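K.L.:
Could you put the whole structure together from the sequences, leaning on the hints where they help?
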Amino acid sequence: MIRKNIIFLSLIFFLTNCGFTPVYLKNTNVNFSVEQVNYTGDRELNNFLKTNLNKFKNEKNDNKIYIEANSIYKKIVLSKDGAGEVTNYQLKAEVIFLIKPLNKEVKIIEKKIMNSMDDKFEEARQERTIKQSFASSISSKLISEININ
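Going by the working numbering, the sequence shown wraps up at 325, each residue one higher than the last.
Don't read these hints as lab results, they were simulated from the structure.
Keep in mind that a hint or two might mislead.
Pairs of lysine-lysine residues, derived as BS3-like cross-links and limited to a Cα-Cα distance of at most 27 Å, are as follows [unchecked claim]:
1. K250 <-> K268
2. K288 <-> K226
3. K296 <-> K268
If you anchor each label on the Cβ, the simulated ranges turn out as follows [to be verified]:
4. E220 <-> K240: 25 to 35 Å
5. I252 <-> S186: 49 to 59 Å
6. I324 <-> I289: 25 to 35 Å
No experiment lies behind these values; they were computed from the predicted model shown.
The beta carbon of each residue, even a glycine, is placed where N, CA and C say it ideally should be.
P.N.:
Pasting the structure below:
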């Protein structure tokens, strides 16, 4: 029993000190600063995008990026049951970014199929969560696209 505890403690000691650092701990690999973003389109999606892109604002960096974002969010009915009640939706978020200093246009589309729920409040909450994940995914794709150039 004591031997097992010693082996377990030594494994924990060696694994915690192996030099592991989280990849997304800091934005040190970003060589630009997102200074200003002008948003048009879906307000809720734009607010989530704004929250995600504010992380990349750095006053010390001289490479300033100005962005215009046009977002379109659609909730499309995919199927209905025999009584005419909606059973499935397709949620689609499309954002077109115009990056000023690079004069580049980036179009990012995210889609997800969502089942209809009896509780409409819970359905709206799930839709909001999906919008948040769309915004997170879209902003990370945009940052990687800017980082490539």
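K.L.:
State for each hint whether it applies.
P.N.:
Hints and how they fare:
no., hint, in the structure
1, K250 <-> K268, "holds, 5 Å"
2, K288 <-> K226, "holds, 21 Å"
3, K296 <-> K268, "holds, 19 Å"
4, E220 <-> K240: 25 to 35 Å, "holds, 27 Å"
5, I252 <-> S186: 49 to 59 Å, "holds, 56 Å"
6, I324 <-> I289: 25 to 35 Å, "holds, 30 Å"
Of the numbered hints listed earlier, not one is contradicted by the structure.
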